[in-house]
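**Q** Residue numbers (my numbering), protein chains in the order written: chain A, 1 to 338; chain B, 339 to 676; chain C, 677 to 1014; chain D, 1015 to 1352; chain E, 1353 to 1690; chain F, 1691 to 2028.
Hints were generated in silico from the structure; no laboratory data involved.
Given the structure is predicted, the values throughout are model-derived calculations rather than measurements.
For every residue, glycine included, the Cβ atom is placed at its ideal position computed from N, Cα and C.
Certain hints may be false.
Listed below are several chain E residues computed to face chain F (Cβ distance under 7 angstroms; list not exhaustive) [unchecked claim]:
| id | residue |
| --- | --- |
| 1 | K1355 |
| 2 | R1423 |
| 3 | N1521 |
Listed next, the stretches of chain F that the computed footprint assigns to chain A, with coverage defined by at least 3 CB atoms under 8 angstroms from CB atoms of chain A [said to hold, decoys possible]:
| id | stretch |
| --- | --- |
| 4 | 1960-1974 |
| 5 | 1992-2004 |
There are 6 protein chains.
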Amino acid sequence: MAKKIAAFGEIMMRLQVPGYELLSQAGTLNYSFSGTGVNVTSALARFGHTGYLVSALPDNTIGEAALSHLRKLGVSQSFIVRDGKYVGMYFLENGFGARPSRVTYSNRQESSFNTAPAGTYEFEEIAKRIDIVHFCGITLAMNDSVRHHMKTFAAAVKENGGTVVFDCNYRPSLWGNDGYEKAKPEYEEMLHLSDTVMMNEKDAMFVLGMETEKEERTEQLMDLIPAIAKKYNISVIAGTHRSINGDNTHSLQGFMFKNQAFTFSKELTFSVYDRIGAGDAYTSGIVHGEAEGFSPKKTVAFAAAAAMLAHTIAGDTPMSTENDILRAMTESVGDVER
Amino acid sequence: MAKKIAAFGEIMMRLQVPGYELLSQAGTLNYSFSGTGVNVTSALARFGHTGYLVSALPDNTIGEAALSHLRKLGVSQSFIVRDGKYVGMYFLENGFGARPSRVTYSNRQESSFNTAPAGTYEFEEIAKRIDIVHFCGITLAMNDSVRHHMKTFAAAVKENGGTVVFDCNYRPSLWGNDGYEKAKPEYEEMLHLSDTVMMNEKDAMFVLGMETEKEERTEQLMDLIPAIAKKYNISVIAGTHRSINGDNTHSLQGFMFKNQAFTFSKELTFSVYDRIGAGDAYTSGIVHGEAEGFSPKKTVAFAAAAAMLAHTIAGDTPMSTENDILRAMTESVGDVER
Amino acid sequence: MAKKIAAFGEIMMRLQVPGYELLSQAGTLNYSFSGTGVNVTSALARFGHTGYLVSALPDNTIGEAALSHLRKLGVSQSFIVRDGKYVGMYFLENGFGARPSRVTYSNRQESSFNTAPAGTYEFEEIAKRIDIVHFCGITLAMNDSVRHHMKTFAAAVKENGGTVVFDCNYRPSLWGNDGYEKAKPEYEEMLHLSDTVMMNEKDAMFVLGMETEKEERTEQLMDLIPAIAKKYNISVIAGTHRSINGDNTHSLQGFMFKNQAFTFSKELTFSVYDRIGAGDAYTSGIVHGEAEGFSPKKTVAFAAAAAMLAHTIAGDTPMSTENDILRAMTESVGDVER
Amino acid sequence: MAKKIAAFGEIMMRLQVPGYELLSQAGTLNYSFSGTGVNVTSALARFGHTGYLVSALPDNTIGEAALSHLRKLGVSQSFIVRDGKYVGMYFLENGFGARPSRVTYSNRQESSFNTAPAGTYEFEEIAKRIDIVHFCGITLAMNDSVRHHMKTFAAAVKENGGTVVFDCNYRPSLWGNDGYEKAKPEYEEMLHLSDTVMMNEKDAMFVLGMETEKEERTEQLMDLIPAIAKKYNISVIAGTHRSINGDNTHSLQGFMFKNQAFTFSKELTFSVYDRIGAGDAYTSGIVHGEAEGFSPKKTVAFAAAAAMLAHTIAGDTPMSTENDILRAMTESVGDVER
Amino acid sequence: MAKKIAAFGEIMMRLQVPGYELLSQAGTLNYSFSGTGVNVTSALARFGHTGYLVSALPDNTIGEAALSHLRKLGVSQSFIVRDGKYVGMYFLENGFGARPSRVTYSNRQESSFNTAPAGTYEFEEIAKRIDIVHFCGITLAMNDSVRHHMKTFAAAVKENGGTVVFDCNYRPSLWGNDGYEKAKPEYEEMLHLSDTVMMNEKDAMFVLGMETEKEERTEQLMDLIPAIAKKYNISVIAGTHRSINGDNTHSLQGFMFKNQAFTFSKELTFSVYDRIGAGDAYTSGIVHGEAEGFSPKKTVAFAAAAAMLAHTIAGDTPMSTENDILRAMTESVGDVER
Amino acid sequence: MAKKIAAFGEIMMRLQVPGYELLSQAGTLNYSFSGTGVNVTSALARFGHTGYLVSALPDNTIGEAALSHLRKLGVSQSFIVRDGKYVGMYFLENGFGARPSRVTYSNRQESSFNTAPAGTYEFEEIAKRIDIVHFCGITLAMNDSVRHHMKTFAAAVKENGGTVVFDCNYRPSLWGNDGYEKAKPEYEEMLHLSDTVMMNEKDAMFVLGMETEKEERTEQLMDLIPAIAKKYNISVIAGTHRSINGDNTHSLQGFMFKNQAFTFSKELTFSVYDRIGAGDAYTSGIVHGEAEGFSPKKTVAFAAAAAMLAHTIAGDTPMSTENDILRAMTESVGDVER
């Protein structure tokens, strides 16, 4: 059933060196606008839901370009505030084979989103008009003011009977020294407010400081996740295990823990064109499966196939329709479609 | 020995999204002009023959651009009629890994070629000036008027002692519902007029409705093809078996049935850059081998190597010289040539 | 006051040769999606109104790309039907100095819009939800079925108390031989249904067959327009006089006839970057001025400045905000804005 | 009447910095193949004649690319010899306003054309198969061996009753110090062999060392040209006067001296997009007018309009049809053609 | 005589939308690195001096790209400190005709340059190794810490017998409300330290708050500048008067006040390709003329021609050699140079 | 320890067809400037040494562009002479899978470097100011005059106590028929002057005409290299064994012979983006390892990893920092770095 789904998060400008040159070699950049919230709501809009972004953009030509881009992606702008002065940016140099891709950030802390004062967003109003809200650990890492927005919004949605989705997504470089220590209480607060959580055993061990005697990652996962679900009263915990192979391919296996049971997808191995944002495709698959009442088996398979296809799409934002994904779940690689 | 070879077929405009973006993401298209007839005669011109296209183009800037492009490819324009109003077009979105390439057609039925009235082409005259003519199943699928042109031309060439080459190339989307039923009598008529035919066991089973108890495709092939050669009095039947591998490579094995005997090429496995038009490269290899009096073994190896190289070339149209192909038949992949 | 404004018209794909090469020289095209309705509603959306397009697009990758593009332009898609098979296209080669720009059309008659059967659109429903509707003479030239849609929709809006805007926009190549004769009754029917009409003395003389003894075009205008306003009971008639100068500049003077009085703008002279769609910018200025209750003097000046700026913008569709236009009305050309 | 027209000249690779960057700023070049002979025969092919190039190209990938390009331009390759090792190249940086365009040559002396030994071309054979041959002063400047080819070919055409066209085109940088002194006897020899000559009063004064007491250039022209026509027994002498204006426009007036009478075109003033090769468009106009039996008045107007349009076309080679030029002769600058 | 010339200033990344699209229309940006100091020292390096930049860049891929770009421009990097985290950026949308160009800044205050702590630069050491230092009013507007660097450096150079050049360059948007009030004491301090100053009567009236009864700008200039020279003991004051014409051209007249006398250049009128950085070209011309001991008349003419040529060059940074400028001073616009 | 390292060699212009089109298909080229000496000194400059090029460039726009490019790469220009008329060029068409890359040269023999007369370079002066000099077998193949420069310079460096590095790099196409015979004495002379030599067993067998009874290449290497080191008194001999795999990957193993002992790197297998110049990266790694006093094991591993990364970098010239290489030596392929 079509849902109204909002995400709270920053809209960033992605500035990508085309092809495989370095920033110090090239003279041209391709740009687009993305962010975890953009990616998730855009993917869900493509599946037939209504996707809203709750965010802030400056009232200048860059904010205007960001809005145009979001409209193109099918994300509704009703809850975007025009305030503040800057848009966060990141530069992307594509890796090739043995040379990894490289992301360099501009100063995000000064962006409209990260400087939005209390009272910027009408969370009470918004919470009444949506079914599901999505948050991400990257936003949690920003600053106290943003964290306050986040928790206020989550609580409001919860109170109105909506579903809170939280993607742990711990980025070491954002939390700095003693990062795990700083992050733990913030994560715990968010987990208490959440219904669906994206995470795996690493988040459990490093962010939440949990311990396990298992050594293999699937065993660690199966050891730790049920305890988290119980402790924080979380209905669905889902995530992936990724391995990076030597030959420009990645392998990915999705999992989901729900009603005390684990479900795993097949391990998919595939060529990678654009890796950024593929995790958000997985999240959108889980949210869609739950919204549509898919079986856990179908949900995990759908989410994993959505993530696989997102690796073949240019840009951060998934572009596949439900149909594209269903076909990728059943068929082998095909010849030209005509 | 250098031959005069004509093809009867539509010239289409190919509009390709550069790189790996979708049409809904990009803002730029690369364009060129191609078609089975263009590809085969251009490839043969590159081997030293004279290639003519018998076709129709509108007298406007798009027709002019098509002619410029054909001249660049080395195809003679003496038999191209300027009439009608439109050029058929297709859009190509490149696939990547798990995401297949996608072709979307504009309305071909209104093109100059597909609306050319009876009497448009001087088939009698042309038949006297050429040695070989090439037809394709795509053209056969268009409409009654085009089919009438096709058979008139084939008969004229036959009468003048020329060779008729027919590539079965059945495209389900062009024949619609009950396609096989509609197509069968048309195909049979063409087969009766043909000396060299490109097909494999699938055409035999689906288009001609033949049956076999074999299950493996090579066995099916060897079971069915000799019967066709006999029934329609065809000198040479040739074709390929293609498999699409998981790692962006294809495998291809060519075959040829002549004088009651099958000849097979090695199975070649190779990386694919542009798959469209590679079948036409195989056809051009068979026609060239026969024209030059190669042994069946050499002809099939040449045609398979021509097809392999066509997968490494941008655009629909093969660009390899005889020399390039002969080298690819004998050598392993080489370092930079300087 | 912000209005709900719909346009009924075809969405076309514009395929433009970049820079100043001809189609037979280049190998790349820039593409976008436009049409009179797209241009007018997008411009009005940028002025703060809600713009809807009532149109049809095929359910394929080209239709999808058109929708993405429209969303980017800020046009609402609630009333766009996905049906039919094709999108109309046109190719644009940019002129330079003494060499005029050249437009070449693909077959529009087969497009989703031009083949939409009766009952495709819920005109009664739509009419209830909008304040203003816009039609164009290009649409009127298409075929009987489209003309029937057009008049049904206009009547429904009229009945619901809405405003009907009609841009005469007579294109000789679309009406063929005896075009004026065929067009006249259709135009008359539309004029009877219209409240605001875009036209000038040429439409009066050629399409409506009116006569005047004046020789200078402003005198002809002032002689003929009042009679039309009276005969068809039209509240506002507006339009422009354009002259094309030798030095890559155009001159434009806007006029408006309302309450028995003519108002003229200054004649503006300006450099031209992209001439296509500039007339739609003028229309959007008139509609906006009327919606906001501007004085005729301000409305005409605003519309003329909107048209002038539209000549400096890439693509068919105006991109200026109300602020940009107000500034262009008062200031001389400025230095870099920083 | 359609003629068979050959040109003897070098095919050069043009490497142009796109836009207005300098070679030391940019990283990309657009390339094409041109040369006076290419430009003249391609333009004449577009007018309906058959154009041949008599030249030499290396048997490598650059020679192949040059041939593809020539085919695209409609120039016949029957008389192009594949021999030698290199293709001459020049780099073009576009000027803007006060900054002039700049051409930098690679080493032309080592090109296939400039190193072709005696006996390379079958001039006797070719002379029998053509009506008109075109030569250029740039070729005359190359070296003794090329000059010998040139004169041998001219004499053979003359002997076979053909027409010899010679474009004086003196380039100071190619003749070096004491250039006029070295050039004079070579030019005189060519003039004796020529029927139609492109030159103006500057060639008369500087290359041929003639003197006049007139000071204004038209008077100088009218003083000197008749004497040359008489002395060398030349039927037609034609040329242009160009002035470069401050505002990115050029002015051009064409003239022709025939049957003891001068005919002048109007002075045309126009914006300039690509100035290189415009002189060759003028030549092609004169040759076409004479071939078709136009009146001198029409011939000169046609040639001047052809030259004007060539300034609006990307690349060295004229692309206008006879129709385009006839229209430009009569009409003022037009709006978009659709 | 070749001098050692340093500039103290920020290195910014320029992100320019190619052609004439808006940021909300395009998807690609051209980037380069510039700044007043970069432009002036690079231009002077091209005239044969040694140019150093005294600045700070982060130790990441963007800083690396900036260094590569500066090396390409010929600016020495010996005095560039690698510290801090960000590079200031600005986005440029090119205007066309009636639509002005538009610059949008990212957050400069967080850049390496603007956050460099006291002690970052070894001003004493640098002052001993250079002859001339250049400062700019844009730098003066940044923050106290930068202003402190600036004055410390200026004082150190003065003490070591070097020449201090200061370009007033007041940017209202950088000083905010009550900007003139805040700016005045800072400017006065810098003027006391300066030997050569770039300014005109507007700076005198608005920044320094001086009054004049004259109304025409040249008269105002001649009234106010001598008083400033006297009050602050400045040897050379130079600047320009610019007017922006309706037809894409600008007019520029340079002046210089030295030894109690004014010298003016001719007023130059020229087409504009890239206006940004042209003022820096003028400054570099004045500094070069003084360094070489040109007469004031030659210096002003040279600086004005340098500024004119800079308007025809892509990017902020002047690229003309002394030779290019000397030629532009004497010749009219020329034909292609070959 | 940071060294002063010069290379003596030609600077060539690389003109590369973008993507995978052939020169006869495309219309655009990417250009850069490179050469063995450029690549080695630029790589060493990136490792913290000072790199100089000793070479010659013409005083025109192409020479200027080459200098800009070299500056960007961080190579010092103090020893580059501006003389002669041309720059050597090569065209590169990228191969794909079964189709090898193809290099086509323009006429190098006429370049500034290859026509520089005796006395062009101040070898005595330069030799005093550098620690290490690098030569290459490509330079040795040019002509007598270049060979004379080379040996004079090598002797001068030797005399001043510097280190001579010589990369054998035998290119058959440059030496022509009986190439080995012509080359042998030249190579022997260079080997006598060298301290560090890049070569493998093929150079020993083919160029030096040595014989071995071993059949496997590593055994041949171990049989022949020690004898060469002894005979020519060479301290370090290093090189690689490369194999080209079917799947677009190459395998590479580096070796080094020093103090009578062989050291081998692991065999690395990796995807290849741009193969040209990767050998120079290996050389730079060996020179750096020796300069820094790395153990042979670390030096060979470093050089092999440098070569591997150079295959992932666009253009001929290595761009990796010491840090990038050290990381690639220890880590497996990583995810996006952010």
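**Q** Does each hint hold? Answer for all of them.
**A** For each hint, the structure was consulted:
Using the Cβ-Cβ criterion of 7 angstroms, the hint placing K1355 of chain E at the interface with chain F is not satisfied: the shortest such distance is roughly 19 angstroms. The beta carbon of R1423 of chain E comes within 5 angstroms of a beta carbon in chain F, closer than 7 angstroms, and the hint placing it at the interface holds. Violation of the interface hint for N1521 of chain E is found here, the shortest Cβ-Cβ separation to chain F being roughly 28 angstroms, above the 7 angstroms cut-off. Counting residues of the stretch 1960-1974 of chain F whose CB falls under 8 angstroms from any CB of chain A gives 4; the rule of at least 3 is met.
With 6 residues carrying a beta carbon less than 8 angstroms from a beta carbon of chain A, the stretch 1992-2004 of chain F meets the three-residue requirement, and the given coverage holds.
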